[in-house]
Structure formats: structure tokens, C-alpha cells
Amino acid sequence: MSDVVEKKVEEAHPRGDDPRTDVITEKVSQEEIEEEKKGAAAQKVVDPDYLFLKAPREKQFITGSEAAKEAIRRANVDIAIAYPITPQSETMQQVGYLYAEGYVKDYYRAEEEIGVMSAIAGASRAGVRCLTATSGPGLMRGIEQIQAWPGGRLPSVLLVMCRVINAPLAIQPDNIEISFLLNSGGVVLHGENQQDFYDYALAAFMIGEKAEVTLPVAVAVDGFFVTHARGWVSTPAENMKLPPRECYHEAVPMMDNENPPIRISRDAPIQKSNFISYQMHASWQQEVWAAQERSRKWIDRWLGGLVEVVNPKAKTMIVASGGAVSQAREAVRQSTEQGLDVGLIKVKSIRPFPTQELIEGLDHAEKIIIPEFNYVGWLAKEVKSVIPRVERVVSGPRVFGGMSMPTELIMEKITGEYK
Amino acid sequence: MSLETIKVSPGFEKYLPKEYQDLVDDGPFVKQRKVSEMGSFKEAIEEHPMCAGCAMTLFIRLTYVALPSLENSVIVGTAGCGRLAISQGAVPFIYGNYGDTNAVASGLKRGLDIRFPNQEKDVVVMAGDGGLADIGFHAVMHSWFRNEKFTTIMLDNEVYGNTGGQESGMTQKGTVMKMAPLGKKGEKMDMIALAKTSGVAYIARVAPTNPTRVANTIRKAVLIAREVGPTYIQAYTSCNIEYAIPTPLVMDDAREVEADRYGFTEYFTDEAKSYWDNTGRKIKGTVKK
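Residue numbers (the numbering used here), protein chains in the order written: chain A, 1 to 419; chain B, 420 to 708.
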């Protein structure tokens, strides 16, 4: 590292350790906790519009895990439950400190992910604001319960720090796990960087708890690239937090025995073989997916839309989500330098899927490139399933198993030098 | 929930079924009913689709009579015969995923404690031997290790009745069942011993031969769970279908099994014993915090 860079890092990161490798692993002392308790007690509830869109912000150079922590600090979370797994642990142990400091009311390390996701299902039914997070194999382990959350109409926020799930076992970044969330009925957002991890995670609570939505929201980022690397994140001051969950303003009654008439079996088993049962289950599913659609207006309002478009009229368009967006941005920059006409659509929301935005935003495109951090190309499949003239799509480049994505791979697809 | 909340608003009487009004006017809410009164008041469960002569149904009915604050209770269950009856009860019932009861109850109880700091909400898990000892085993054990304050009731019919008679971890060794065509190889799981090892505050093993004792045991378990820690009741609730017990002989079987290997036993930790002797047993009627 050059002296100049060294000095800049020193200024940006006063602890003086190496921002490329350092992760926040030091223990928080009792004195620090006592000091923080004052901060938690002094937090004031503010309007979500103000917190998300208007409050003055300051920039910090922090990891994705720290960005998530800052979102949770301001989210007025009642209960956070998690089981450690790399690369999620960093965030959830930080949330433990938030609990010790009074920002989160209850918190525990559960037995494993089925236990975690089940406990979240119980806590959400009690009407409190819930948070959990997991990665790769942990998501797979908890997915039986996660798939049941939307049908249970259980608002909660699930942070997903993506990593490899297939054998041979690895902890490296790879976002194939998002494909397993696409058919659950819940909202799925995919953040590009540390800033998105802060913004999406915080907005997720309010989106999921809206009466017309009443659904869990998963916020995924690519593990390590986002969670363990630093980036500039602008956040409002610490002394503000979201309003608490208003559980009586949601789509279903709470399981708190405060709702007349006395008897509620909200999750009645519909297992009889008759047409009433079929109809009940079918209409319930339709309502879950309709609720997911209704989250669009809140994603538009608080996250600036389901997509972001760069160079909207370019003949070659890149479509990407997550960390691939950053690589695509660099490819667009290099293309412009070389006089090539290349644009980008960043897909922020995978569910609901920006069908109309993509049909319109890609209508003029002659070539569509979809770079991904996974083997199966789930985003390419999703895009191809909604746009006309799919022969325009050049799937890939794809990297997986922990590989990084050199911009050259995208440039080769743009110039057609390699297919 | 107070009785005021569930009362029918004036003018709406004719729109609500008589069943509902009976529950409000002469039901099990707010005042603790006794087993000896059964038949003279509107019970929380009456109609159900359980098999004729099912001992589990009797036990579930007794549970609804025994719970010390029915209007502030939530029951958590999982797949199995029991939920067919429990979902008919006049108390919120969470029917979650397979084997998730004690994890769901952990989150639920903690959530209710946050929202209702001045009102005790009783969470009671009621599920079968398969749901608790097999598929839900890890969640049961860890809810005990974490000292979660709710009651777990195992409806032990020693078989997977709902799926058609497969052996479970709680089936007796040697029993020939579906999925154990040569007889079950392992011993019946000793969940009582596991509960002791896990630090469960109050543990009871009971057969439904003495309804008043069943009711007292359930009440005791729920009150101790509020103040001390997890409690566990393991109840012999035979499956007269899969074990081919003639319907009129179901209670004879219960008495035989009780005499042979399912005798009433209860166990307290020192803390639970002290709480019960000094405070819990003196509480009369329904209880508010």
C-alpha cells in the first residue's frame, strides 16, 4: 500500500487496522455497554419517511456487517434470534451487543436454524418485531419454516449473507441460495453493497409490516464481498428509531388471546379432501402472492423503485443484482471509455419481480447480458421468463464457489470476443 | 383477555350463535372450573372428530378444564391426532410446521412477555410422542436447556396414530408396528429422565384414570412454568385403534398400563418445590399476575 493510501485509510478508519482484512471481533467492555445504554434509552421514534428519505446523513467507512448493525440499531427490534454461521455470525453477534445495550429487547442464540426460524414464527405471531439472519446451509436448514412464514402472514426480517450451499462444503460467496427463496411468497430484496444492506434492511421492517403486505422480507447480500469488506455508508444519527410494530393493523389477528370471538385457529390445518379445503388453500395462496405485489409501492417509495437504470437508451444492456451490479457498473464505465454503448439495469427486488420495468427498460436493447455469482443463472431464467425476444439474452458471465468476477469477463460478453 | 372483551355487544345477541354466548355466560373463562363440575357448564371443547373411545380426547378435554387462565392461554401443537381436537377448542391454537412446537413456543412466550408485561400469558405445548420425542426432540430439549417458561404436555399414545400406526421413539421395545415389522429394536425413550437432566422444574407422568389428578397436575405445571421454569407432563393416552383396544375397555387398559409401567410420578426441582409449597398451592381459582 502506498503512503498516500495508507494515510487515507488511517483517516477514514481511526482504529488504524487494515480495512481489507480486519473484521470487528473485539469484545465490547461493560463500560462501553453502560455508555451505549444511555444512547438506546435516548432514542426517539421518528416517521419512517423521515428516517429513510429526509434525515441528514453522515458517511462512515464500515463493513456490510456493521452497516446491518446500524440498520438494526434504528429498527426498534423487539426480538432477534439466530444461530451462528459464516459469514452471518459477524452481524448477529453485533446484534447481541445491541441487545446488551438495550437497542433490542430480547435476543438468544438458538439451537439451529429450524429452531431459529420456528421461534421467529412464534414471536411474529405474538405481535413483536422480529429479526434473524443466516447464510447458505443455514438457510437450507431453516427453509421448511421460512417457506411457511408467508402463508402464516408473519412479518419478520431475514438477512441472508449468501454463501456456497452445494458440496463440497465451502464458506465462499455464491448467491445460489436466493433461488430457493423465490417461490415462498415472501418479499426478497438483493442488495449491491454496504449502503444497500443498511437501507434495505431498515426499510424491510416497515414494508413487511404494512397491513396490505403482512409478509416476511428477506434482504440478501453477497457474503464477504459485502459483509466483510468496507464501503462508504451514509446513515442518519443514532438517536432515531422506527415506530414499533403495530400488530393490530395487520392482515391477520395476533395469537395473543386478545381477539374476540374467543376461538382462533389461525393456522387451521386444511387437510380434508373436499372442495372447501382446496378452495381455502388456493385462495390463501393467491392472497399471499397478491400481498407480495402490494409491497411494490413501498419499495418504490422507500428504496427508489424495484430497479435502477444506468444509460437507459444503450443498445447493450446489462441486467444484474447484488454484487454483480458493482462489477457491471465498472464494465459500463470501461465501455463508455472505449466508446461502446452499454447500459445497466440493477434489479433491487427479486420478489416482487420488476416484470414491467424490465419489459420496458429492455425493449430497445439488442443485446442483454446477465452476469451472476452462481452456477445456475437464476436471474437470467427470471429475466427470460418475462421479456419478449429472449434470443437477445447472453446469459453470463457466471462465477461461483467463491470466485470473484473480473470486469474483463463482462467486457468479453459486451464485445463478443468470447461467447 | 378480559371477559368484557368477549361479551356480546348489546343488540348483537341474535347474530352470534348460542354456542358462543354459552361460552361467555357459563363457560370456562375467568373462573376456574372443577372436574366435578364437568357436564354442568359450557366446556372449551365439545365437538371433535376424534375416534370413539379415544383416551387422548378425554385428556385434552381435562386440560381445557384445568388451565388456570384459559382466557390468557395459547396452545401450540404440531401434526398428530391431538390437533384435530385441539383446533376445535375455544382457545387460540398454533398449528405450525412439523416438530417445531417448542421453538415456536419459545419465540411466542418471549414475544408475549414483551407485549404484556403486566399480564401473564400461558403458553402450553400439547403434542404427541412423535412430535415431541422424535421430530421435535431437539427443540424440546433446547427449550428446556434454555429454561423457557412454558409447559410441554406429551400426549403419549406410543405410536404415530395420525399417519396410520408407525412405531415412534416412545413405542415399547419389541412392539410390532408399521415400520417396525420385526418388532421395535430400541427401548422406549426415557423422556422423564431427559427432562430431569435438562433441569425441567416440574415433571409429571400421568394416565387419565383419575381426572381430578390430571387436572391438578396440569394446573400445577402451568403455574410453576410461569414463575420457575419449564415443566413437562407425559400422559399415557392410548390409541385404541392402532393397539386394537376394544372401545369399552380403553379405561381398563389405562388402569392396567398405569399399574404396570405408567404409575403417577411427579418430580420438582428444589426451587419449584419451594415455590409450590409456599405460593403456588395457595393460589385459588384463576390467576392474574
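Hints are supplied without guarantee of correctness; some may be wrong.
Label-pair distances were calculated between CB atoms; the ranges are [unchecked claim]:
1) A/Arg-294 <-> B/Val-427: 32 to 38 Å
2) A/Lys-59 <-> B/Lys-692: 55 to 61 Å
3) B/Glu-466 <-> A/Glu-246: 24 to 30 Å
4) B/Lys-692 <-> A/Phe-180: 54 to 60 Å
5) A/Ala-170 <-> B/Asn-635: 52 to 58 Å
When the alpha-carbon atoms are kept at most 25 Å apart in a straight line, the in silico DMTMM-like pairs for lysine to aspartate or glutamate are as follows [what the hints assert, rightly or not]:
6) A/Lys-44 <-> A/Glu-101
7) A/Lys-210 <-> B/Asp-532
8) A/Lys-105 <-> B/Glu-466
Simulated from the structure, these hints should not be mistaken for lab results.
Glycine is no exception: its CB is placed at the ideal position from the N, C-alpha and C atoms.
Now the hints, each set against the structure:
no.: 1; hint: A/Arg-294 <-> B/Val-427: 32 to 38 Å; result: holds (34 Å)
no.: 2; hint: A/Lys-59 <-> B/Lys-692: 55 to 61 Å; result: holds (59 Å)
no.: 3; hint: B/Glu-466 <-> A/Glu-246: 24 to 30 Å; result: violated (36 Å)
no.: 4; hint: B/Lys-692 <-> A/Phe-180: 54 to 60 Å; result: violated (49 Å)
no.: 5; hint: A/Ala-170 <-> B/Asn-635: 52 to 58 Å; result: holds (56 Å)
no.: 6; hint: A/Lys-44 <-> A/Glu-101; result: holds (16 Å)
no.: 7; hint: A/Lys-210 <-> B/Asp-532; result: holds (23 Å)
no.: 8; hint: A/Lys-105 <-> B/Glu-466; result: violated (41 Å)
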